[in-house]
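Chains as they are written, first to last, in this note's numbering: chain A, 244 to 554; chain B, 540 to 820; chain C, 65 to 495.
Some clues are possibly wrong.
[Claimed, not checked] Ranges of calculated distance between the beta carbons of each label pair, as one might list FRET restraints:
id : chain 1 : residue 1 : chain 2 : residue 2 : range
1  : A       : VAL341    : C       : SER287    : 28 to 38 Å
2  : A       : PHE294    : B       : SER648    : 22 to 32 Å
3  : C       : GLY279    : B       : GLY597    : 37 to 47 Å
4  : B       : ASP595    : A       : SER460    : 45 to 55 Å
5  : A       : PHE294    : C       : THR425    : 54 to 64 Å
[What the hints assert, rightly or not] Subject to a maximum C-alpha distance of 20 Å in a straight line, what follows is the list of computed EDC-like cross-link-like pairs (lysine to aspartate or glutamate):
id : chain 1 : residue 1 : chain 2 : residue 2
6  : B       : LYS609    : C       : ASP112
7  : A       : LYS308    : C       : ASP388
8  : B       : LYS606    : C       : ASP112
9  : B       : LYS609    : C       : ASP170
10 : A       : LYS308    : C       : ASP167
11 : C       : LYS370    : C       : GLU282
12 : C       : LYS475    : A       : GLU264
13 : B       : LYS710    : A       : GLU264
14 : C       : LYS96     : C       : ASP142
15 : B       : LYS606    : C       : GLU132
16 : C       : LYS385    : C       : ASP116
17 : A       : LYS402    : C       : GLU327
18 : C       : LYS495    : C       : ASP167
19 : A       : LYS463    : A       : GLU451
20 : B       : LYS609    : C       : ASP239
21 : B       : LYS609    : C       : ASP116
22 : B       : LYS606    : C       : GLU282
23 : C       : LYS430    : C       : GLU393
24 : C       : LYS495    : A       : GLU300
Just so you know, the hints here were simulated from the structure itself, not pulled from any lab data.
All residues carry an ideal CB built from backbone N, CA and C; glycine is no exception.
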Amino acid sequence: MKDVKAMALNHEKVKKNTPFERQRTITGVCFLLPTIILVAVFIIWPLFQVFNLSFFEWNGVSSTKRFVGLSNYTTLSDLPGFWEMSWGTIVYAVGVTVFTIAISFLVALFLDKQGKARINRSFMRVLWFFPCLLSMAVVGILWRIMYNYNNGVINTVLKSLGLSPVNWLETYGVTRWAIIIASVWTQVGMCVVIFLAGLQAVPIELFEAAEIDGANSRQKLLRITIPMMAPSITINMLTTTIAAFKMYELPMIVSNGLPGYNTLLLTKKIYDLGFTSHDFGRGSALSVVLILVITIISLIQLFFLRKREEV
Amino acid sequence: MISRKRMARTIAGELLFLLLTLFVLIPVYYFIIGAFKGRLDIVKFPLSINLSMIKDVGFSNFSYVFKRMKMFQALLNTGAITIFSLVIVVICGSLAGFVISRVNRKFFSAVYTTLVALMVVPFIGCLIPLVIQSTQLKTYNSLIGCILIQSAWNLPFAVFLFTGFMRALPKELEESAYIDGCTMIGTYFKIFLPLLAPVTATCCIRGGVGIWNDYLVSNSLLNSVQTPTLMVGINMFFGARKTEYGYAFAGIILASLPIVILFLFLQKYFIKGIVAGAVKG
Amino acid sequence: MKKMIAFLLVVLVSMSLFANGSQEAASSASGKTPVTLQVSIVETDWLDAWEDGMKPAFEAEYPWITLEAVSLGEEKRDYHATHAASNDLPPVMQTDVGGLYYDLVDEGILLDVSGYDAAANIPQSYKDAYTYKGVLYGLTQGAAFDALFLNMAILKKAGWDKAPSNWDEFIQCCDDVVKKTGKAALTVAGAKNTTMWMPFETIIVNVLGDKLGAGVYETQIRSGKLDIVSEPEIAKRLGQLAPYLMTGSSQNSEDDVTAIMAEGSCAMAIAGNWTASNICSAIGTASGAESNALMIVPPFNNAGKKVWLSATPESAFGLSKVEDKNVAEARDLFYNWLFKPENFKWIQNARGTLPVLTDMTAAQVKLPDAVKVFSTATQSANTFSMSFNNVTETVNNDVQRALGDLFSGNKGAQETVAEIQKLYSADPWNK
């Protein structure tokens, strides 16, 4: 297999300098140009500004900035609750990713056509996707009301079942999970769609062959479905992790970062530093650090998942 | 025997699944009935609704929201931002994906890596530089400025999707086209474009939901009086001292209707037409 | 069919692209150039009063001016911050003390309003709070007091026919409510920093106030020098108070407090006077009659001592720099119009707060009965200014966080007081 790939690569290397290939490259650059321009102007340039700002002290309004060197970075850890926030962000991201992937995978298996359907599946699909259509701010408000201790929906249900109400938003350890549940709720639908697409792509012949060999359903799941789904798992993992690290509205609205700094995510802190403390320099420094962290984590993920896919 | 046992298990599974679905939908149910209830009823009886509650309120929340939010103008503005951004994203993204997946040059894969890396940038950090930049570019307070920013920030993921999709398409497709004397542009339009429906649908839904529901960009780059948008309008009901839940819920329902309809239209493409590599990143 | 729909959609949407830019220039009879004036002063409390009363009234008086209210949600600051960066602040806007608004004054964006007629009828102490480097940059929309709201129907069941009058009685009353009625004693809107600070700050000042004298608390906390750790009474009282706060209080919005009082599941609430009409009518709902609602100065004083009460101007209305002469003229007209008692009463009465304009007549002020009683009571109390005038917004939020841990029982009073001391000493208002 490898050799064939290498041959193909060599083959293309030889071809690279033909007029045909050169013309293809030129057309290619033209095709890419709009994307490159848009991204350069609206993402890379502001990003550069952020990087630049992280060395200055600036309140966002004043026309003058004061150069402070690296001190915005070195004083980051002096922020009250900095380590608690950082740890909280990581737990949140990991929790959201793991649970979103697990739940949406199971749901996708259920919603897949190959299962023996009793309830109209395409209707169910729409229902499961519905939460994804709401904006984060709206979802935040909804869950805030759901979790309210005194007259929230969840505690009302618990009380009517004769259970004792849970103090969702004020208990160390519990609030974190409350936030994760709310986030998973919004993310699952999107992942289900991708998983469903992946499931459709698994050739039925494989299952038939396995059935002839006498494989039971668990073996089929582990040996055929999951390996064949590796690409969808990769894409879902990656997008969910990135989305989780970038999330700021939902925890801000649902729990206001309480208890302590437990659910105050770093992205929200970036927002606070800029818009509450008017300290855009430090906010930018935190942005830069966060971007680096997400990039490293995504790269590690990509590396391991790709490896899995190739097996 | 076995089949009966299996059937029992299937039914149990179905029931469990149905229960889970219902549980997932509780918040949605909550705000839909909330739109027809008064302020106090929403808080006091979160999950129940009866005729006497509706009788006082009816559709008055909706008509109020319609009036206050400048609903028609807001819908047009948000619609324009969403549609034009998606058009740009799909065109640029698919062209870029086509080139990256089909032309084997170091430069292109470098562009691809950069774009994928840019997916991780949190928007909130770049907000103030973007606002300042848009005043310099004279795109401040225009839909065009919003559209450009939205398309740019959605492009990395679109390129990621399109590239993955097109990489999985067989090489022979292209080669036969070249043999027939097609140019690269011709190949793109004749061979690839018709195949892109499923991935385009995915891209539109993922991007569309985000753009439609955006609050941050339109709140900071548009003047909410001259160019109202949906989410900024809804936000008005969440006051510092008093939250008008009934109005907010009615606003949410009105604002999400179009996107639900879009999803209903596009969803068959998600599932039915998707080919093997649709999700190959 | 599908293509038709798509085509229609595109046409409709493209129309919207152009529809926004062209503001219709309706010629007016007065020969003035039509002006659209943007204001960002409207909140949910008086949204209806604005749309149905103020806006039509002003536009009838000045037909060439069209008023447009920028919607203000909970976070007006991010709107102001981003729009300051693009030089597009509304000509008339809400301002607060400190932070962004001081920066805007520094840049000359917020104007000095002391020369306007509007400024004549605002009490001097409120003007002082909104004066920065000699610039009066805002006229307040109301006076903010903290108040204790009581549901007397519940208190009667607990054996209290009249409201408690000092700290020991207050704690005894809380205890009686919990033990005799099984209901929660006290709640507070902990999700908002201003209201969360209220019980905390009122305790501090009632303990230290008599020793320090008027105005000293503010100066000390502003410079980060206030010492709350070495006064054990503060931690002791906080520790006494914490168990009586209803579970969930640190996550309550002011709206949630209203809902709780309407359910009748809690006997008392500490809240700002700006929510008075909401809470009083909520207590009325719970107990059957609004006369059961009582609003008093929080009795956190030692027995026999005069009570200390926080009194501070609320958010204010300020003016921002405008290049266009016509808009500037419209802005000035509107500003002076707004602060005339017959117009300002719209805002005043929609919120049911205490009047701030000195030339307002009694007939123009509609107050719930409970608020009227409270209003007279405030005059016999010592006053101090609220947290948001004395600590930076960051400290304001971080202390709120620490108090949340205390009130939800996650941390002890000693520990919390030490943490709070550290927080504001590290980042004082006056650097």
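We went through each hint and held it up to the structure:
| no. | hint | in the structure |
| --- | --- | --- |
| 1 | A/VAL341 to C/SER287: 28 to 38 Å | 49 Å, violated |
| 2 | A/PHE294 to B/SER648: 22 to 32 Å | 24 Å, holds |
| 3 | C/GLY279 to B/GLY597: 37 to 47 Å | 55 Å, violated |
| 4 | B/ASP595 to A/SER460: 45 to 55 Å | 54 Å, holds |
| 5 | A/PHE294 to C/THR425: 54 to 64 Å | 59 Å, holds |
| 6 | B/LYS609 to C/ASP112 | 15 Å, holds |
| 7 | A/LYS308 to C/ASP388 | 29 Å, violated |
| 8 | B/LYS606 to C/ASP112 | 11 Å, holds |
| 9 | B/LYS609 to C/ASP170 | 36 Å, violated |
| 10 | A/LYS308 to C/ASP167 | 13 Å, holds |
| 11 | C/LYS370 to C/GLU282 | 19 Å, holds |
| 12 | C/LYS475 to A/GLU264 | 70 Å, violated |
| 13 | B/LYS710 to A/GLU264 | 16 Å, holds |
| 14 | C/LYS96 to C/ASP142 | 35 Å, violated |
| 15 | B/LYS606 to C/GLU132 | 14 Å, holds |
| 16 | C/LYS385 to C/ASP116 | 28 Å, violated |
| 17 | A/LYS402 to C/GLU327 | 16 Å, holds |
| 18 | C/LYS495 to C/ASP167 | 15 Å, holds |
| 19 | A/LYS463 to A/GLU451 | 10 Å, holds |
| 20 | B/LYS609 to C/ASP239 | 51 Å, violated |
| 21 | B/LYS609 to C/ASP116 | 15 Å, holds |
| 22 | B/LYS606 to C/GLU282 | 45 Å, violated |
| 23 | C/LYS430 to C/GLU393 | 32 Å, violated |
| 24 | C/LYS495 to A/GLU300 | 15 Å, holds |
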